[in-house]
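Given chain R, put chain W in place with the hints provided.
The listed protein sequences derive, respectively, from chains R and W. Under the numbering used here, residues 494 to 605 are what the first sequence spells out, in order. Under the numbering used here, residues 558 to 671 are what the second sequence spells out, in order.
Keep in mind that the hints are not guaranteed to be accurate.
[To be verified] Here are the in silico distance ranges between beta carbons for each label pair:
{"hint": "1", "chain 1": "W", "residue 1": "T669", "chain 2": "R", "residue 2": "R554", "range": "45 to 55 Å"}
{"hint": "2", "chain 1": "R", "residue 1": "A538", "chain 2": "W", "residue 2": "T669", "range": "34 to 44 Å"}
{"hint": "3", "chain 1": "R", "residue 1": "A522", "chain 2": "W", "residue 2": "R653", "range": "19 to 29 Å"}
{"hint": "4", "chain 1": "R", "residue 1": "E549", "chain 2": "W", "residue 2": "S562", "range": "31 to 41 Å"}
{"hint": "5", "chain 1": "W", "residue 1": "S623", "chain 2": "R", "residue 2": "R554", "range": "36 to 46 Å"}
{"hint": "6", "chain 1": "R", "residue 1": "S562", "chain 2": "W", "residue 2": "A611", "range": "33 to 43 Å"}
[To be verified] Listing some non-contacts, in silico: residues in chain W with all C-beta distances to chain R over 12 Å:
{"hint": "7", "residue": "S566"}
{"hint": "8", "residue": "K568"}
{"hint": "9", "residue": "E571"}
{"hint": "10", "residue": "S584"}
{"hint": "11", "residue": "Q607"}
{"hint": "12", "residue": "D613"}
{"hint": "13", "residue": "R621"}
{"hint": "14", "residue": "G628"}
{"hint": "15", "residue": "G629"}
{"hint": "16", "residue": "T635"}
{"hint": "17", "residue": "Q637"}
{"hint": "18", "residue": "E642"}
{"hint": "19", "residue": "P664"}
{"hint": "20", "residue": "R667"}
[What the hints assert, rightly or not] A few chain W residues that face chain R, going by a derived Cβ cut-off under 10 Å, partial list only:
{"hint": "21", "residue": "Q594"}
{"hint": "22", "residue": "E601"}
{"hint": "23", "residue": "I604"}
Derived from the structure by calculation, the hints contain no laboratory data. These numbers were taken from a predicted model, which means no experiment stands behind them. Backbone N, C-alpha and C fix where the C-beta goes; we use that ideal spot for every residue, glycine too.
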Amino acid sequence: QQQVKQSPQSLIVQKGGISIINCAYENTAFDYFPWYQQFPGKGPALLIAIRPDVSEKKEGRFTISFNKSAKQFSLHIMDSQPGDSATYFCAASQGGSEKLVFGKGTKLTVNP
Amino acid sequence: GAGVSQSPSNKVTEKGKDVELRCDPISGHTALYWYRQSLGQGLEFLIYFQGNSAPDKSGLPSDRFSAERTGGSVSTLTIQRTQQEDSAVYLCASSRSGGPYEQYFGPGTRLTVT
Chain R
494 QQQVKQSPQS
504 LIVQKGGISI
514 INCAYENTAF
524 DYFPWYQQFP
534 GKGPALLIAI
544 RPDVSEKKEG
554 RFTISFNKSA
564 KQFSLHIMDS
574 QPGDSATYFC
584 AASQGGSEKL
594 VFGKGTKLTV
604 NP
Chain W
558 GAGVSQSPSN
568 KVTEKGKDVE
578 LRCDPISGHT
588 ALYWYRQSLG
598 QGLEFLIYFQ
608 GNSAPDKSGL
618 PSDRFSAERT
628 GGSVSTLTIQ
638 RTQQEDSAVY
648 LCASSRSGGP
658 YEQYFGPGTR
668 LTVT
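Pulled out of the complex, with its shape left as it was, chain R reads as follows:
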């Protein structure tokens, strides 16, 4: 049973464009939703995270939008740059249990 569904599997965007990655979850007990960025040969690194008490969180060019009623959250990368080319994973965890449930990842390619 896949608890966090992520789409698309891959995404190609032109430099300066907006990259949008979507995730949907099933477990309503999830209360922490991070996004991780992974470059080839490296471990994932936290990019930005949100809790369900807010609908949006912005850090620089990265924004998480959260829709609690729809059980969906998304990552928006504004003014996408070639250096943003990486694999992005959404994840979720449940209060008191810190293990993360990950989506299957989105490979983002930003063309110059």
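Relative to the frame of chain R, chain W by itself:
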């Protein structure tokens, strides 16, 4: 400061052999996690250690997999009688306790079972 380190970075083993993968967490981090990353499958939770509490082993795929954490620091993931389907990147992460705080990941160990 130093991040999470893992060794070896690559391991090739024959089917049926046992392997040990090592993780050194960030100093002072009491929580330690093991995940498995298979091609196209995202990251799969394996096991979680928090301080002196009993580990959460709910993600271990079979009894061939085990892990221990000595002295609340270094952890070893052991896979016995390896199978080809065990081939994956094994990632270790650590975090402060009382979270969910950010999990800091190591670079992983790429395991290939031939």
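Which hint numbers doesn't this structure obey?
1, 2, 7, 11, 12, 19, 20
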